[in-house]
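Undergrad: Take the sequences, apply the hints, and build the full model.
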Amino acid sequence: MAAEGAGHHGPMEQFEIRNIFHLDLFGHDISFTNSSLMMVVALALISGFMIFAMRGRSLVPSRVQSLAEIAYEYVAGMVKENLGEEGMKFFPWVFSIFIFILILNLVGLIPGNFTVTSHIIVTFALAAMVWLVATFIGFWTHGLGYLKLFVPEGVPVWLMPVIIPIELISYFIRPISHSVRLFANMMAGHTMLEVFAGFAVMLPWWGKIAPAGFMVAFTGLEFLVAFLQALIFTVLTCIYLNDAVHMHH
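First residue of the sequence shown? That's 1 in this note's numbering, and the numbers climb one at a time after it.
Careful: at least some of the hints might be erroneous.
[What the hints assert, rightly or not] Mimicking SDA-like on lysine to any residue, the simulated pairs with C-alpha atoms at most 20 Å apart in a straight line are:
id, residue 1, residue 2
1, Lys148, Ile137
2, Lys80, Val64
3, Lys148, Val245
Hints are computed from structural coordinates only; laboratory data are not their basis.
None of these values were measured; they are calculated from a predicted model.
TA: As structure tokens, this is what we get:
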């Protein structure tokens, strides 16, 4: 029966968005889906963890408090390194992005759960938000002078017609590259796990050892990837904010 079921469920089925209950707003489908549920779960886990960790702060922190402080200090250090002390005003937003993506990635590793960050529309929405906020901050801080970001210093005038379009294109594709990196890594990892799980189910007992061993090792790697992808997304967010604030090229 297990082998027969594996034949009906392909590795891509885990990425299917399913309605939990239907909602309609002025003719628009805004149904609550498994993706929505996982985001709510992630938000609840983050809120619960931070409240629980910091409810009784002490000079000798508990393990939970230490974990929360490590996450706080790690992201704060990242923001200071890229933006300086004045960049700490963006820390709450950057920290929220990091912890939200990290928890979504980790929750998605639990068997049976939906991996929100394996959908390009979600990662693109996050990346587009970062791009729009950074662009707004750039123009708010520098006015039209922000356009100098697309004119590198020291470039000969005769090269400007070539360099400026390249700079503009690279700037406008930031949301795409920013989102695809996260989406592709999460989707590829989960697909591989599903494929090898299918092998482990279909093969006889003596053939299950290799795919089962690979699944254990690959699951450990996926935990590392889940952290690294949240980290990379956050580092790029800091770099884009740095461009907006300091116009470092």
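Undergrad: Would you check the hint for lysine 80 and valine 64, treating anything up to 20 Å between C-alpha atoms as holding?
TA: violated, 24 Å
Undergrad: Decide if the proposed pair is consistent with the structure: lysine 148 and valine 245, CA atoms, cutoff 20 Å inclusive.
TA: Roughly 13 Å separates the two Cα atoms, so the pair holds.
Undergrad: Has the given pair, lysine 148 with isoleucine 137, been kept, meaning a C-alpha gap of at most 20 Å?
TA: holds, 15 Å
Of the hints listed earlier, the one the structure fails to meet is number 2.
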